Amino acid sequence: MKSYKELPDDAGSNIVGQVTAQAKRVNQRLSSVKHTIAVMSGKGGVGKSAVTSNVATALALQGFSVGVVDADINGPTIAKMMGVRKSKLEYTSAGVKPAITSLGIKVISMDLLLSEDDAPVLWNAHSQKDAFTWRSTMEVGALREFIGDTEWEELDYLLLDLPPGSERLANVVELIPSLSGVVVVTIPSDVSQLIVKKSVTMARDVLNVPIIGVVENMSYYVCHHCGESEPLFSNDDAVESAFQFTLLGKIPFDPKLSQCNDSGVPYIQQHPNNQASEAIVATVENIKKYFNALS
Amino acid sequence: MKFLCIECETAMKFKDVTRPEQGSVTAVFECPDCFTEIAMFLNPSETQMLKSLDLKLGGTNETAQPMQMVRSQLQTGKEDSVPNITSQIEGSETAEGGKCPFTSVISEAYEEESEPETDGLSWTQDALERLERIPSFVRPMAKMGIESYAKDNGHTEINAEVMDQARGNFPAQF
Ligand SMILES: Nc1ncnc2c1ncn2[C@@H]1O[C@H](COP(=O)(O)OP(=O)(O)O)[C@@H](O)[C@H]1O
Ligand SMILES: [Mg+2]
Numbered sequence: 002m003k004s005y006k007e008l009p010d011d012a013g014s015n016i017v018g019q020v021t022a023q024a025k026r027v028n029q030r031l032s033s034v035k036h037t038i039a040v041m042s043g044k045g046g047v048g049k050s051a052v053t054s055n056v057a058t059a060l061a062l063q064g065f066s067v068g069v070v071d072a073d074i075n076g077p078t079i080a081k082m083m084g085v086r087k088s089k090l091e092y093t094s095a096g097v098k099p100a101i102t103s104l105g106i107k108v109i110s111m112d113l114l115l116s117e118d119d120a121p122v123l124w125n126a127h128s129q130k131d132a133f134t135w136r137s138t139m140e141v142g143a144l145r146e147f148i149g150d151t152e153w154e155e156l157d158y159l160l161l162d163l164p165p166g167s168e169r170l171a172n173v174v175e176l177i178p179s180l181s182g183v184v185v186v187t188i189p190s191d192v193s194q195l196i197v198k199k200s201v202t203m204a205r206d207v208l209n210v211p212i213i214g215v216v217e218n219m220s221y222y223v224c225h226h227c228g229e230s231e232p233l234f235s236n237d238d239a240v241e242s243a244f245q246f247t248l249l250g251k252i253p254f255d256p257k258l259s260q261c262n263d264s265g266v267p268y269i270q271q272h273p274n275n276q277a278s279e280a281i282v283a284t285v286e287n288i289k290k291y292f293n294a295l296s
Numbered sequence: 156m157k158f159l160c161i162e163c164e165t166a167m168k169f170k171d172v173t174r175p176e177q178g179s180v181t182a183v184f185e186c187p188d189c190f191t192e193i194a195m196f197l198n199p200s201e202t203q204m205l206k207s208l209d210l211k212l213g214g215t216n217e218t219a220q221p222m223q224m225v226r227s228q229l230q231t232g233k234e235d236s237v238p239n240i241t242s243q244i245e246g247s248e249t250a251e252g253g254k255c256p257f258t259s260v261i262s263e264a265y266e267e268e269s270e271p272e273t274d275g276l277s278w279t280q281d282a283l284e285r286l287e288r289i290p291s292f293v294r295p296m297a298k299m300g301i302e303s304y305a306k307d308n309g310h311t312e313i314n315a316e317v318m319d320q321a322r323g324n325f326p327a328q329f
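So the sequence lines, in the order shown, correspond to chains X and L. If you count the first sequence from 1, you need to add 1 to reach my numbering. If you count the second sequence from 1, you need to add 155 to reach my numbering.
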């Protein structure tokens with residue numbers, strides 16, 4: 002009897018061809034994007050999305066064309082932070098027209114597809130059990146469509162705001178073989194660094210993705226009365242000692258940054274001369290330096 | 156997936172798909188030499204797998220719409236983001252060769268299922284009113300859960316009491 006390998010095709014379904022076509026669609030879309038950067042952390046709440054939206058804004062203020070993919074499918078915050086939550090997506094034969102910020106940054110997020118403010122992401126399925134079993138597969142499919150079906154056109158930078166942890170990074174690497182690298186966001190506490198080291202090891206050693214550098218967020222607090230800097234967490238020079246990577250920037254804690262995230266006008270746009278903005282600009286300069294050194 | 160006609164040592168070809176029943180799909184394959192036919196049944200979970208991966212049995216759909224997986228599979232999505240599946244079906248039906256209306260069939264299987272089979276279950280008026288109070292985006296799931304609880308426990312009528320019992324079974328509040 003003939004074996005699997007001896008049969009010419011899969012009876013006409015061409016499953017392999019379909020998967021290849023999906024991958025091709027993503028690659029074609031990204032062929033006009035110069036640099037694709039994934040923003041990652043170990044834990045949630047360290048400021049990944051805040052860093053992503055402000056770095057994107059800083060780049061746009063310098064005249065670069067920028068896109069942002071909110072890859073946090075279940076916890077989307079980018080649309081709100083960048084003030085495009087009310088935008089309507091437009092579907093055309095060429096793809097999906099993304100939301101566009103006042104500075105021209107193109108944004109795609111699950112938030113733009115959900116029906117109501119408090120609606121969680123729920124998928125159609127035959128049973129509840131199936132819906133949860135296939136959840137992660139659906140999420141990767143959603144991410145593939147976000148990257149591959151959005152009309153990015155020519156971009157200098159495409160930033161991906163990942164969910165916490167390194168799990169999604171493996172999918173991103175599979176979807177985007179040309180991923181330029183990873184920016185890691187952490188806060189100077191032992192707990193955060195312990196977890197972030199796992200993510201870094203996963204990215205660098207298992208997935209072989211270049212690490213562009215580390216951003217230390219909420220590094221210190223500037224007293225509004227005396228102007229002195231105070232550490233927010235106990236471990237103040239942790240980043241340098243814990244990582245062998247370039248420290249891209251140390252962003253101070255500033256309550257205004259949090260207010261801006263809530264109001265939808267990026268901090269760096271509203272307070273360009275504050276210390277945290279200087280740190281964000283320094284981060285951007287270091288990211289550019291990284292790419293210049295490569296070329 | 157490949158199928159071999161053992162008699163002829165020939166690869167079978169995808170032929171047809173029958174109407175879906177309760178989330179499952181039946182595909183028919185035929186031997187091009189002796190015309191023997193076999194039927195393959197996909198259970199709801201297998202059908203779900205294909206949907207989740209946005210793959211179509213019997214061939215690709217060239218007129219794939221942008222973000223079609225997310226837009227058609229997201230239960231809590233915006234109304235205006237639902238893709239225009241009809242034109243897609245027409246596109247695939249008129250396509251040549253191995254192309255088939257599988258997309259539509261699998262979608263139909265789910266549309267049927269999104270209003271779950273009631274299997275002789277009836278809802279009392281106050282149970283229905285309580286169901287209405289559940290936020291719209293969790294309602295289908297909650298309804299499914301209550302009905303399967305009722306079925307498993309031999310109830311034929313869903314009233315407030317059955318709902319109370321079922322509530323302990325899953326997270327949605329109602
Ligand atoms: N440097 C900062 N100063 C003040 N608030 C910040 C700073 N960075 C982040 N935040 C706030 O902390 C919270 C978590 O940040 P977020 O970017 O959502 O984290 P993540 O994306 O890593 O989960 C948000 O409310 C955000 O506004
Ligand atoms: Mg976030």
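No lab work stands behind these hints: they were computed from the structure. The structure presented is a predicted model; accordingly, all values stated were derived computationally and were not measured. It is possible that some hints are incorrect.
DSSO-like mimics (lysine-lysine), calculated; alpha carbons at most 27 Å apart, straight line [claimed, not checked]:
| id | chain 1 | residue 1 | chain 2 | residue 2 |
| --- | --- | --- | --- | --- |
| 1 | L | LYS170 | X | LYS3 |
| 2 | L | LYS157 | X | LYS6 |
| 3 | L | LYS298 | L | LYS233 |
For the chain L half of the interface with chain X, some residues (derived, Cβ under 10 Å), not all of them [claimed, not checked]:
| id | residue |
| --- | --- |
| 4 | PHE169 |
| 5 | GLN320 |
| 6 | GLY323 |
So the derived list for chain X, only partly shown, Cβ under 8 Å to chain L, looks like this [unchecked claim]:
| id | residue |
| --- | --- |
| 7 | LEU8 |
| 8 | VAL97 |
| 9 | THR138 |
| 10 | HIS225 |
| 11 | HIS226 |
| 12 | VAL282 |
Using N, Cα and C, we set each Cβ at its ideal position, and we do this for glycine too.
Structure-based check of each hint:
{"no.": "1", "hint": "LYS170(L) - LYS3(X)", "verdict": "holds, 21 Å"}
{"no.": "2", "hint": "LYS157(L) - LYS6(X)", "verdict": "holds, 10 Å"}
{"no.": "3", "hint": "LYS298(L) - LYS233(L)", "verdict": "holds, 21 Å"}
{"no.": "4", "hint": "PHE169", "verdict": "holds, 4 Å"}
{"no.": "5", "hint": "GLN320", "verdict": "violated, 17 Å"}
{"no.": "6", "hint": "GLY323", "verdict": "violated, 15 Å"}
{"no.": "7", "hint": "LEU8", "verdict": "holds, 4 Å"}
{"no.": "8", "hint": "VAL97", "verdict": "holds, 5 Å"}
{"no.": "9", "hint": "THR138", "verdict": "holds, 4 Å"}
{"no.": "10", "hint": "HIS225", "verdict": "violated, 42 Å"}
{"no.": "11", "hint": "HIS226", "verdict": "violated, 46 Å"}
{"no.": "12", "hint": "VAL282", "verdict": "violated, 34 Å"}
The structure is inconsistent with the numbered hints 5, 6, 10, 11, 12, although it conforms to all the rest.
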